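> Chains as they are written, first to last, in the working numbering: chain A, 1 to 809; chain B, 1001 to 1386; chain C, 2001 to 2187.
If you're looking for bench data, these hints aren't it; they were derived computationally from the structure.
Treat the hints with care, since some could be wrong.
[As the list claims (entries may be wrong)] Examples of chain B residues lying across from chain C (beta carbon under 10 Å, computed): (1) Ser1059; (2) Phe1143; (3) Ile1190; (4) Thr1382.
[As the list claims (entries may be wrong)] Cut-off 25 Å, straight-line C-alpha distance, at most; resulting in silico cross-link-like pairs (BS3-like, lysine-lysine): (5) Lys1338/B / Lys2174/C; (6) Lys2163/C / Lys2035/C; (7) Lys626/A / Lys2011/C; (8) Lys464/A / Lys686/A; (9) Lys441/A / Lys666/A; (10) Lys1342/B / Lys252/A; (11) Lys1342/B / Lys2163/C; (12) Lys686/A / Lys743/A; (13) Lys226/A / Lys2011/C; (14) Lys727/A / Lys686/A; (15) Lys1097/B / Lys2035/C; (16) Lys725/A / Lys808/A.
Just so we're clear, the structure is a prediction, and the values are computed from it rather than from any experiment.
All residues carry an ideal CB built from backbone N, CA and C; glycine is no exception.
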Amino acid sequence: MEVEVSRRKFLRGSVKMTILGGVAASTTETILASHSNSEHKPTASNIPSSITTKTGTGKAKEVPTLCEICVNKCAAIARIEDGIVTKLDPNPLFPKSKNMLCARGNAGIQQLYDPDRLKYPLIRVGKRGEGKFKRVTWEEAYDAILNGTKDFKGLKQILDEEKNNRSTVGYCAGEGMAEHTFQNWMKCKFGSLNFVNHGTICLTTTIGGYTLTIGSYGAVDFENAKYVIMGGANRAEAIVTPDTMDIFKRTKGRGAKLVCIDPRFTHTAAKADLWIPIKVGTDLAFVLALTYVALTEELYNKDFVAKYVNGFEEYKNHIISNKYTPEWAEKITGVKADTIRKVARDFMKAAPQAIYYQGRRSTFSQQDFQLRRAQAIFSALGGGIDTKGGIIFGKKLPLGKHGTNIPVYSTTKDRVDYDKAAIVGSTGTWLGFRDAVLEGKPYPVRSMFIYKHNPMLNLPNIDKTRKMFEKFDLVVAIDIMPGDTVMMSDVVLPECTYLEREDPVKSYGGTMPSIALRQKVIDPIYPETKPVYNIIKGLAEKISKPMWEIAKKYDPVIQKDIEGMTPEQEEEYYRKNGHDLTDWLKAESQEEVNEHMVVSKWGKEAWEILREKGVFYPNMDKYFKKINDNEYQYYPEDKKFYTTKNGKFPTPSGKIEFVLPNMATKGLDPMPTWRDELYVKVPKGKFKFITGRHAQFTQNNTQNNPVLLDIIPENYLWINSRVAKEKGIKFGDLVEVSSEVGKVRIKAYPTEKIGPENLFFVHGFGAHSEALTLAYNNGAADNEIIKDVIEPYFGAAAMHTTIVDVRKV
Amino acid sequence: MALKDYIKTYLPLRDKISLKPELNGVNLLFIVASLILIGVYLYGVVGFLLHGHHAYNVSREHPWGFLVSAYEFFVALSMGTIAIAASAVFFDIKALKPIVKRALIFGLLALMAGFAVFLFEIGHPITMIIYTALSGHPTSALFWLGVFYPLTMLFTFLTFIFYSAGKNAKIFAMLTLIFANSSILTAGSIFGLLNNNPFASGVFYPIEFLLSGILGGIFLFAIIAKFFIKDDSFKEGVLYLKEATIVIASLLLIMYLIKFLTAIYGNMPGKIEVVETIFYSPRFWLFELTFGIIIPLVVAIWGRKDQIGMFCMASVLGLIGLMAARINVVEAVQVVPKQLMKIREYQLPPSITHYSPSLVEWSIGIGAIGIFMALLFLAERTLKLD
Amino acid sequence: MARYGMALDYKNCINCKACEVACKEENGVLLGADKHRIWVGQNELSGEWPMLNMSDASFLPSQCQHCEEAPCQEVCPTNATYFADGGIVMVDSDKCILCSYCMNACPYDARYVDDRTMTVDKCTFCSDTRLARGETTTACQATCPTKVRIFGDLDDPNSEISKVLREREHFSLKSHLGTKPKLFYLI
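Bound-form chain A, shown alone (with noise of 0.2 Å):
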């Protein structure tokens, strides 16, 4: 991987797509920086020469903020010298990042510089997927988005064709900080019930199950646990603040006992004090018998079922009845009896200080929802809820709320992918939408508007992904590189990144809960790009009348209403009842808001510590000690918020839920039920293909950035040592992985980290925009060849049940 040459590249700072008719790319001054010293040279626009730039020894701003680079929000201190962002430092007082900043972290300067951002708006002029875009400014973008061009159609002429149905405008989100400004403007205001995220390709059956059961999916106290049963979750390589930081301090005999199990050797399990290698899939039956050892040989904590659980005599004779014994499990899971009768003794015998790790990105396979059901009942039958040591809920500090004046359009119909899974919340399943979108029933999605989301790289198959992009007569999509979606899009907004914006303050709750603000370090350095909470104030100026037009022209109810107002009276309705899309938008900026949010909870003096050092929570000045450089005290042990439920725990019923029988009603399950037929076998030949994290990369957000591909500068195919000797294949051989909706060409890694049955490779590359120098067509994209496999409770994408074949090239 030439890094020497994108170097150079990157000093000439072109955009690689095709910008008619617009200025020169971008404002970078070409200094051949090779042979000068590493000293950052500000240049014009306030780029650094060379990729990493040598911190100086004098007087810098340092302002606090928190990272972006994925979803823990770690608390972080910028250095800036002259201008130029030189280092990411971890701003000590974050009780939830514990002073740390990741290697994804320190490399945010990378994506701030990174000259392949969007620095402008775009509108496409080609065919949708070509590369070819105009420079327009931002009125231009606003209105082509209202009227549409030559090349494609506007909201106008969209909700007049589908009679105001506000759904016909689908839109979809990444997480962020400002997720909810842009989720709840499309929502709320705009009015369209076609809200997809990451929740039903990431963590959406671990949140049901948990929350079903226990009434939230809750944190852990890794500080305190004892005994702690990660199943597949890689904690050492998908970091997740603090767990990832407080478990590993304490594993090894140095306190806790982990049990990592996962059919492939992660940094997690050579951390954990015993791995257990499993069949893909077949979690669900080792916890099934895990709970069969616990409930036979009376092992469960008796006073805690007794006062706590509903259902526990069903569930029992469930489990029972069902003779999910561990010889049982043995033949299914690959795990010996003996070994799931030990773990199961073992953690009991610590609880309540034992957890079975509720897990993050989920969806292994369609039963995914019962495996978190059953972590969840086989914890509590520990007792270790909301406890020291165990599953804990937790304080949360409030904030301010800020209201929104929701107009009601009854022409607006029900999300297109209410009935593709049981329960279908207000985050969908993306797939189910995916699959309505390309049906067009029940009613065509015209449009869609994207937030920091790459679904053409996120979705499992992803030539299906494309279909229905070209479905789309709208393609708006808010981003900060040009990705492959940026890339399908028809108009483009640059947001800046998170180094260059303030976003919605937001409070972590927790044992140690505290209130965490992001505030921008430097001003945005494309001085066209915007936080999205002015872009959506842009585009609400922009479309709001019309939108207005086209609802009294279809909506009954709003004719009836304004049947026979002046137009004084008319705008009054327009505004009172949240017609006028501008309204929750009214503040200059963020941080007017946030003011606001704070300051009406926690006073003006909470704000000013706030803004001043990134962080605050009550009593913070006695509370927060320095101990040593490596360790602070954030709350003293006494006011660690441990148990806050006080017994009542947070389901309808106050008691934790064994059986779900509303689910009974949907034909599935109210109990984990191992079913056999939903269980993807793996053919004699063929590989099961897995996907999972490695410490350097987040997702695509990731894909190109030097300084983390420094590090692994591709993707490897993990495939057996000894499957690959007998198909002679050789470290760094191109090997061709195919599944029955794609193929991929990746190198091969022959190790005996993976079990012959298996094939790995990291998400994250195989990136086909040609705008990103350092991604495009670097590794593979394992969406490539992930097939689309629905589950059936929140129409989840299971992620672990595709088989492949693999042979050398």
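Place chains B and C on chain A using the hints.
Here is chains B and C on its own, set in the frame of chain A:
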């Protein structure tokens, strides 16, 4: 006496300096070969000027490449030649006297050729000259090389001009001998003092450098004798050279045997990999051993006592063997990686450090032989060396 | 006079490479696979799935050991490698001639060539960046998620590193070579 007379007395210039060579077979071959090699050298230099250090295949694990080997070759050759010549002067070895003058000068020129390689190996030659003098570090073998080379060159030159002038050059010869031997032993101790390297550290390499350098010197003497001495004056010298060859080659053989055995005995990590990579490769047993030591030894023992012809051919092979020996020694100390863990997920674990010189490195290293040959030609033409 | 060293609680290490990136960002190190001042080593596991050898599974962070008897300092001909304040082994790039002797003399593979100055470079314990600004941690220590590293003054009996070296067993790499390295791996 005027300066011109001093120069005339001490610097044995020929009366008539003409650069036009006698156009016979051997000379033509010589000229063509040296021109080609100089061309190759210039190609390498241009490559270096264009790409800098990136023209070389050296890496973090293998920082010493072919240029270091080539430079060590010239150094060994030159110091060996100078040592023998200086001994001939100091100990009054009449048999070798006929070619002492040539040997001294050619030794110096071989060192120049070595510097022509070294100039492109070292990263910052000017800095080297300044700071070795200003802040030189006495615990460093390279620093002492920087002391001994100039001294050797100085005393060699002094020995040469005093000897050519017919004056008593014994003191200078003694100093030359001391410093030449010091240089070669110091060059060997660059490797011998590498404490972290179980194969290299110890006495073997300094002594091996000295012995193989002297052997190389003997080979150069034999080549000079064959091509530059037109009369019978060197007949006894040939015998002398052959006897010296037998002694030194045998010593070297014994040393190699013991080094080899102690490395494989017990399969010691750090040593066994070197044996497997270096000692079992043809570059060792064919070039270094057979060409470099055994063939000259065999010819010395069983060749016709007074004839120089076969021995000269064996010497040429011997010099090839010396070059291979230098490559082997530089490789041997870098073959075993110091860091044996993977530092990236997707890589093979480090095993043996692989290296093959780039075209630019080959060009500069081999091309320097052309420089040497050209310098020989100039010396022959301008100085009275008989 | 301070004597700086680093203790590593290497069992905490999850091989996330945060330290490697932080080092490059803090010190402006060039990108490139061989241009690393610090690294985390891992083994390819022996055994056949699923019977893998756990003893191969540890991650070992390493870097220049700032040895008290540094072989690199002994062999440098121009004194470009010298002991700076605090016992930190530094390279003066004005004096370095790139003879690469130190690269071969170092038993720990700590040194590499910086392409910009064409001189030898290595970990400096952030002495010309962070320590020069008065901070007490190196970039790698500050950023580490599981707080593997403890940097400090070995001559100060009250420092965190002195305390931890007194209270816990530790080992150093290649200690039989007599280099007296100042990186200590806590067991």
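> Each of the hints needs a verdict: does it hold here or not?
Consistency of the hints with the structure:
no.: 1; hint: Ser1059; verdict: holds (6 Å)
no.: 2; hint: Phe1143; verdict: holds (4 Å)
no.: 3; hint: Ile1190; verdict: holds (7 Å)
no.: 4; hint: Thr1382; verdict: violated (33 Å)
no.: 5; hint: Lys1338/B / Lys2174/C; verdict: holds (10 Å)
no.: 6; hint: Lys2163/C / Lys2035/C; verdict: violated (33 Å)
no.: 7; hint: Lys626/A / Lys2011/C; verdict: holds (23 Å)
no.: 8; hint: Lys464/A / Lys686/A; verdict: holds (24 Å)
no.: 9; hint: Lys441/A / Lys666/A; verdict: holds (22 Å)
no.: 10; hint: Lys1342/B / Lys252/A; verdict: holds (22 Å)
no.: 11; hint: Lys1342/B / Lys2163/C; verdict: violated (32 Å)
no.: 12; hint: Lys686/A / Lys743/A; verdict: holds (14 Å)
no.: 13; hint: Lys226/A / Lys2011/C; verdict: holds (18 Å)
no.: 14; hint: Lys727/A / Lys686/A; verdict: holds (12 Å)
no.: 15; hint: Lys1097/B / Lys2035/C; verdict: violated (55 Å)
no.: 16; hint: Lys725/A / Lys808/A; verdict: holds (11 Å)
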